[in-house]
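Following the hints, put chain D in place on chain Z, whose structure we already have.
Here the protein sequences come in this chain order: Z and D. Per my numbering: the first sequence = residues 1 to 124. Per my numbering: the second sequence = residues 125 to 462.
Derived by calculation from the structure, the hints in this document are not laboratory data. What you were told as hints is all true, and nothing was included just to trick you.
Result set (SDA-like, lysine to any residue): computed pairs, CA atoms no more than 20 Å apart in a straight line:
#1 Z/31 x D/240
#2 D/372 x D/242
#3 D/248 x Z/28
#4 Z/117 x D/457
#5 D/131 x D/152
#6 Z/31 x D/441
#7 Z/117 x Z/39
#8 D/128 x D/150
#9 Z/31 x D/438
#10 Z/117 x D/445
#11 Z/117 x D/244
#12 Z/31 x D/377
#13 Z/31 x D/244
#14 D/248 x Z/121
#15 Z/117 x Z/15
#16 D/372 x Z/122
#17 Z/31 x D/248
#18 Z/31 x D/339
#19 Z/117 x Z/16
#20 D/248 x Z/30
#21 D/248 x Z/32
#22 Z/31 x D/440
#23 D/248 x Z/36
#24 D/372 x Z/119
#25 D/128 x D/186
#26 Z/31 x D/153
#27 D/372 x Z/121
#28 Z/117 x D/443
#29 Z/117 x D/456
Okay, here's what each chain looks like letter by letter:
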Amino acid sequence: MREQPRGDALLACARQVLREQVLPTLPADRKHALLMAMNAMAIAERQLRAGDAPEAGELDALRGLLDDDGLTLATGNRRLGRLLRDGAADPGAPRRAALLAHLREVGRQRLAESNPKVLAAEAG
Amino acid sequence: MEDKTRKAVERFVAQAAGASSVVVTEARQLSGGAVQENWLVDLEIGGGPHAGPLACVLRSDSPTAGVAISHGRAQEFALLKTVFEAGVTVPEPLWLCDDRELIGRPFFLMRRIGGTAAGHVLAKDPRYGGDRVELAERLGRELARIHSVRPPQPALGFLPWYEEAPALHLVARHRAFLDAHHTAYPALEWGLRWLERHAPARGLVSLCHRDFRTGNYMVDEAGLTGILDWEFAGWSDPLEDIGWFCAKCWRFGNVAAEAGGIGAREDFYRGYEGESGRTIDREAVRYWEAMAHMNWAIIAVQQAERHCSGEEESLLLALTGHIVPELEWEILNMTEND
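Pulled out of the complex, with its shape left as it was, chain Z reads as follows (with noise of 0.2 Å):
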């Protein structure tokens, strides 16, 4: 058993005494530096919260929406893709509002580990 606190504790922690203790410490030009390291921090985090979980739906509604068990990730798709490519989710096409749903989807759970401001500002 690993033992705790487990990394997204330790990285928000982390994050916190860099934001309160270092950046105010830092002279202008510097402190984009520190402000990329934390958000790659931020991101690495919310990845760790989030754990197999949004890959392991993304992969559940692939394999539904093409109907194919043997699907992976990265064939699921790249066939996804090809379908999209050749006009499978054009205006009046019978399954654009499904495929169309998986993409916002797929994109909020992107969205919610790569950058949530986006979901918030949304939102609010």
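Positioned in the frame of chain Z, the structure of chain D alone reads:
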């Protein structure tokens, strides 16, 4: 700067400038771009037409330059010369050294301009860039001058030529990249299909900067001092640059200022229309704003890959990959209704 490099630069400039003596009085590296290095270089030139002090920037290829579609220094120098002669405000290109023997890679010198280019600063702090109505208009005029450069241009023979509609050319290029990439991007495929279905026919084709946005021009407190970063320039529909400049993804958080986060869209358009004598098709720009998000998403994937592949370890490149989801999201917002 290493002593050997400094000496080589002095010898090179003495010959290029027809001077009897050249001394590098100051040299330090500026924050580098992803594909090139910039050095601040002060020269003291003795004799010849440039006699006296000269404030320059020395640009060389980055030791690990990787983005395949960007130009090397020799080509960038040719571009700068062409647009400088077309009246675009750019740092005056001075001398190009194509010989790798001198400092290990090609480089050129250009006259140094003052100011700041930082996009976040410009979008947040109105003290930079002078009056914002004037700045937006001025940028419109500058872009119109860039677009006054029309093919054929023998000095720009290295720019790829193509006969199809510029929008479809881009769609094909992006698809070819995605097909060769290790990971598929279904949301980008959705967007590319929309861009294909709505692609405008080939019309006027001009020189385009292709990275004309806030962050890539310099301003001081009085206004514009120069347009930078020409490494992505190519032949295209002029609206590609207009869409890129106005796209939401390049407003640095100042979303209401639709002209690059620094001004009003109509001010920018007025400058462009006055200089070019052509009316901008407002509706057509919307298409090119969707294309802007696509272009940026593809570049972001490529930048991240430079880090992921081990070619160039960089936190900036790594984080650029994490911009892709918000670009995909905006593409869906712009394309879901038709």
